[in-house]
Structures are given as C-alpha cells and as structure tokens.
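**Q** Sequence:
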Amino acid sequence: MPALKLHDTLTRTDRETTPLDGKTLRFYCCGPTVYGPAHIGNFRTFVAQDVMRRVVEASGTPTLHVRNITDVDDKTIRDSQKAGQTLTAFTQGWTQKFHTDCAALNLLPPHIEPSAVAHISQQVAMIEKLIAGGHAYAAPDGSVYFRVSSYKDYGKLSHLEDRELRLGASEAASATDSDEYTKDSLTDFALWKARKPEDGENFWPSPWGEGRPGWHLECSAMILEYLGEDFDLHSGGVDLIFPHHENEIAQSCCSTHGHFAHHWMHVAHLMVDGGKMSKSIGNLYTLEDLAQRGYSAMEVRYVLISGHYRAPLNFTMHSLDSARQALQKLAKADKALATVSPALPEAKSAGPFQEAWETLLNDLNVPGATGAIFGVLNKLKPAALSAEEATAARNGLHFMLQALGLTLPVLADEAATDVPADIQALAQQRWDAKQAKDWAAADTLRKELEAAGWLIKDSKEGFTVVAK
RNA sequence: GGCGAGGUAGCAAAGUGGUAAUGCACUGGUCUGCAAAACCGGUAUGCGCGGGUUCAAUUCCCGCCCUCGCCUCCA
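In terms of our numbering, the first sequence is residues 6 to 473.
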C-alpha cells in the first residue's frame with residue numbers, strides 16, 4: 006500500500022512518511038501539561054495525531070508512538086499548591102482524567118508515555134553535554150541557559166532567523182523583568198531553573214544547584230531516551246513551532262550528532278464561535294462540559310476531524326448537531342449493509358471506498374475522505390447488492406471508520422431501551438384511536454408522548470416507541 | 001513590524017485550468033388519515049475585492065481588503 010503523504014512544516018512540502026528504519030514509523034507528540042482538564046482545542050491536536058497514526062498503521066506500517074506528560078512547570082507547581090496537594094498527587098489525578106478523556110475520544114494510547122519528572126537525570130545529562138559543547142552556560146543564580154547564538158540554524162523551523170533584530174514590544178518589556186537579567190541574550194532560554202521559594206518542595210539536585218528543568222528540555226531528553234538522535238516525525242499544535250520546537254531542535258542537535266525529527270507535523274488551532282478560545286470569554290469547553298449538554302465524545306471527535314488539520318476549525322454547538330446526524334447516517338448505512346452481510350466486518354481494505362482512502366493518504370484530508378464516503382454510500386443500494394458486494398462494502402466502510410477512529414452510535418430503534426409501562430400504554434391507546442380513525446385523539450396522544458420524549462413510528466402492522 | 005494559516009451556498013467544509021464533493025439545515029415528491037422513518041429529487045451562473053496571463057480561472061501571477069494564530073506560557 007502507498008504511504009501517507011504528509012505536509013512537513015520544515016520544508017513546507019508534502020512528503021511521504023516512510024520509516025527511517027524501513028519498518029516502524031517512530032514519532033513523538035508533545036503531550037499535555039496536567040494541571041486541569043484538557044479542553045477540546047487540546048484534543049483537536051491529539052485527535053489529528055491519532056488519525057495520522059491510524060492511517061499509517063492502516064497502510065501497513067507499524068508505529069512507535071511516544072507522547073509525554075508535562076508534570077512539572079510553573080502551572081503544575083502553582084496549582085498543586087493551591088489545591089494543597091503534592092505535585093505528584095496533583096498531576097497524577099489530572100493525568101488519569103486525561104486518559105479517561107482520551108479513551109472516550111477513541112484515541113489509541115501511545116506506546117510510551119514518559120513523564121518529565123521521571124526523567125530529570127536524562128535532562129541534567131543533556132545540559133552537561135550542552136555546557137561542555139559551549140552551547141549553554143550557568144548563570145550566577147544557578148540557572149542554566151541555552152546560548153542561541155551558538156546554533157546557526159536556530160529559527161529554521163519557524164523562519165524567525167532575524168528575530169533578535171525585531172524584538173516585539175512584549176519581549177522588550179520583559180527585558181527589564183528581574184527574572185531575566187542573568188541571561189547573556191534576550192533570546193537565550195532556560196534549560197535549568199534555579200530553585201525559588203515559591204517552588205516549595207519541588208526541586209531536584211544538579212551540578213548547578215537545586216532547581217528544576219526548563220520546559221523545552223524535557224521533550225528533547227525523552228526523545229533521545231526513547232527514539233534516539235534521529236526519528237521519523239514530531240508533532241504538536243502550531244503554537245509550539247516557536248519557541249518550543251525551535252528550542253528542542255537546538256538542544257538536541259547541539260547535544261547529539263543526529264538530525265532530530267525528519268518530519269514536522271503541526272495542527273492548526275480550534276476556534277470557538279469564530280474566535281480564540283479563552284477562559285475569560287468562557288468558551289473553553291471540556292468533554293465534560295459538552296457531555297452535560299448531551300453530546301458524546303464521539304460526536305466531539307467527529308467535529309474535531311471535520312476540518313482539515315492544517316486549517317483553523319470553527320467549533321459551534323450546531324457543528325455537534327451536524328456531527329450527530331452524520332454519525333447516525335453512517336450507522337444507518339452500516340445497518341442496511343449488515344442486513345445483506347451480517348458477518349462481523351473485517352476492515353482490511355477500502356473496497357469501494359478506495360477514493361476516500363486515497364484522499365486520506367493525501368495529507369490526511371479527512372473532510373475530503375468523509376465526503377467521498379458519503380458519496381459512495383448515497384449511490385449504494387444495499388438491497389440490490391450480492392452478499393459478496395455487500396461484504397466488500399461493509400468491510401471497506403469499517404476500514405475507513407477505523408482509519409478515522411470513528412465508532413458508530415447505537416441506533417435508537419436498536420437500543421432496546423425499556424419503554425416505561427405508562428408510555429407503552431399511552432402509545433397503545435393512540436394506536437387504538439388510530440385504528441378507530443379518531444385522528445384528533447391519536448394526534449393528541451402522539452403529542453403527549455413527544456413531550457415526554459418518545460417518538461412513534463407506525464407501520465402497517467403496528468407501531469414502535471423510540472426514545473427521542 | 002516579522003512569520004504563518006485562512007476567506008467557497010443559511011451553517012460547516014472539500015476540490016479543480018474547462019463552469020463547484022460532502023454533512024447539517026431548508027425544501028419538492030413517494031409513502032402515511034396527517035406525521036415520523038425510509039426512499040427519490042431540489043437548493044452557490046457562484047468560490048473576499050481589483051487587475052493580469054489563458055481559447056478558458058474559483059483554481060496560476062500581481063496588488064489590495066478582511067479574519068485568525070505565532071513572535072511571552074499556550075494544542
């Protein structure tokens with residue numbers, strides 16, 4: 006099978022994702038900082054990465070997926086103290102919540118999920134190498150900084166080479182910040198942060214004194230540990246391009262002989278009601294928020310993949326309704342095929358959905374692929390298909406669903422929900438009225454049932470009651 | 001100011017040098033006492049604006065306008 010072609014942020018071209026070792030696609034995703042529940046914007050990135058992984062695997066290439074947990078930084082320390090918990094207890098709680106949400110969204114768990122706190126020694130070792138190589142220096146207060154001027158390719162990914170010449174207003178302001186005075190250059194960034202009183206019990210020993218690692222360093226150190234000096238692909242949200250990924254490249258390339266990531270995937274941001282998500286506007290939704298409004302995680306997933314991952318996507322409540330209907334439509338199509346081909350679908354190849362599959366291989370064009378799926382489905386007449394044709398179609402449909410990570414909702418009329426006796430009695434009353442051609446009474450009863458949340462479906466032989 | 005991503009029907013969102021997938025919504029029909037469900041249809045002469053190239057541009061080129069993001073922690 007042909008390999009996935011994926012846009013590469015560094016070269017700004019679409020390139021095939023062929024494993025360096027010819028076998029396994031080894032990739033790293035910047036994971037969550039666990040100081041609260043992740044919101045749907047965070048999940049857009051993780052869902053896009055999940056689709057990427059699924060497509061690679063569906064095309065026959067195994068993956069090695071590493072995604073970190075950031076469990077030490079200003080926010081985790083600050084909020085754990087507010088919560089009156091140890092950093093470990095606090096971050097473990099939110100890590101668990103993250104895992105629950107990931108499972109609900111049908112995200113494949115990473116093969117390795119390293120925590121920053123568990124890799125302090127690797128981070129210290131990397132700093133030592135950087136200092137030895139003249140790429141880093143310890144400041145008088147015990148902090149260690151990376152010397153950006155020592156790495157000539159700095160800025161290559163974000164195309165901010167001449168950044169120092171064009172310092173933004175906010176940065177000029179921070180130059181006077183007492184926190185920054187020990188740096189040789191404004192652009193140098195912290196590898197190690199000297200212990201401060203507000204860090205509480207959260208510090209570790211190092212050759213430069215007690216302190217904690219800088220945020221950028223953890224990814225570099227854990228990548229080296231689990232993926233080595235060269236690996237296939239690195240992914241994250243667009244906002245990480247600068248400075249986070251730029252800094253990772255600098256740290257890693259200056260402390261090893263490798264080329265670090267050979268391919269960069271960045272996922273565009275999710276917007277809400279046309280604007281940026283922010284706590285102050287109150288449009289930061291979590292899965293729990295949406296569950297309270299009656300939307301399933303799978304419906305959220307559908308929305309999150311309904312736009313191309315490199316274009317901003319606007320999230321609205323209406324888009325969730327739309328997703329619900331789309332998923333229902335897929336479930337109904339599957340059900341219709343299942344009447345001709347009842348066996349468990351195998352999902353090994355795209356079958357009649359080849360066009361959709363190829364669209365997906367072209368830089369993960371999910372909206373194009375789902376469009377192609379519906380296009381085929383709309384023309385398909387399950388009843389007219391032979392058992393073989395139906396089986397091929399059903400297998401193909403499930404192959405695509407698996408690649409997209411979609412699971413089908415249970416249709417209302419299959420849900421076997423218990424209809425309360427009083428509802429059932431009302432429905433029977435209505436049926437009787439209908440048989441007696443007392444249309445007014447029948448309609449009144451139907452409205453009553455609808456108000457109670459139940460729908461009536463009539464057929465020649467009788468009726469069924471279905472939850473609304 | 002620099003870098004980047006976008007502007008396509010009511011909403012969302014693909015795509016192509018030859019006159020626009022798909023989902024939702026809306027709507028016509030079949031069916032039904034009427035509905036629902038199902039099935040069969042319809043719905044952008046138009047793809048931010050202005051030029052240019054071309055037999056032909058929404059699609060290429062130039063300019064402009066607007067939106068969003070990054071340049072400080074951020075998926």
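It cannot be assumed that every hint is accurate.
Dumping the calculated DSSO-like pairs for lysine-lysine here, alpha-carbon to alpha-carbon at most 30 Å [as the list claims (entries may be wrong)]:
no. : residue 1 : residue 2
1   : K340      : K462
2   : K353      : K28
3   : K157      : K134
The following label-pair restraints were derived from C-beta to C-beta distances [stated by the list, open to error]:
no. : residue 1 : residue 2 : range
4   : Q434      : M276      : 48 to 54 Å
5   : T469      : K334      : 26 to 32 Å
6   : E455      : G287      : 31 to 37 Å
7   : G287      : W209      : 52 to 58 Å
Don't read these hints as lab results, they were simulated from the structure. Think of the CB as a built atom: it goes at the ideal place given N, C-alpha and C, for glycine as much as any other residue.
**Q** Each hint: holds or not?
**A** Hint check:
no.: 1; hint: K340 / K462; result: holds (18 Å)
no.: 2; hint: K353 / K28; result: holds (19 Å)
no.: 3; hint: K157 / K134; result: holds (18 Å)
no.: 4; hint: Q434 / M276: 48 to 54 Å; result: holds (50 Å)
no.: 5; hint: T469 / K334: 26 to 32 Å; result: violated (20 Å)
no.: 6; hint: E455 / G287: 31 to 37 Å; result: holds (33 Å)
no.: 7; hint: G287 / W209: 52 to 58 Å; result: violated (37 Å)
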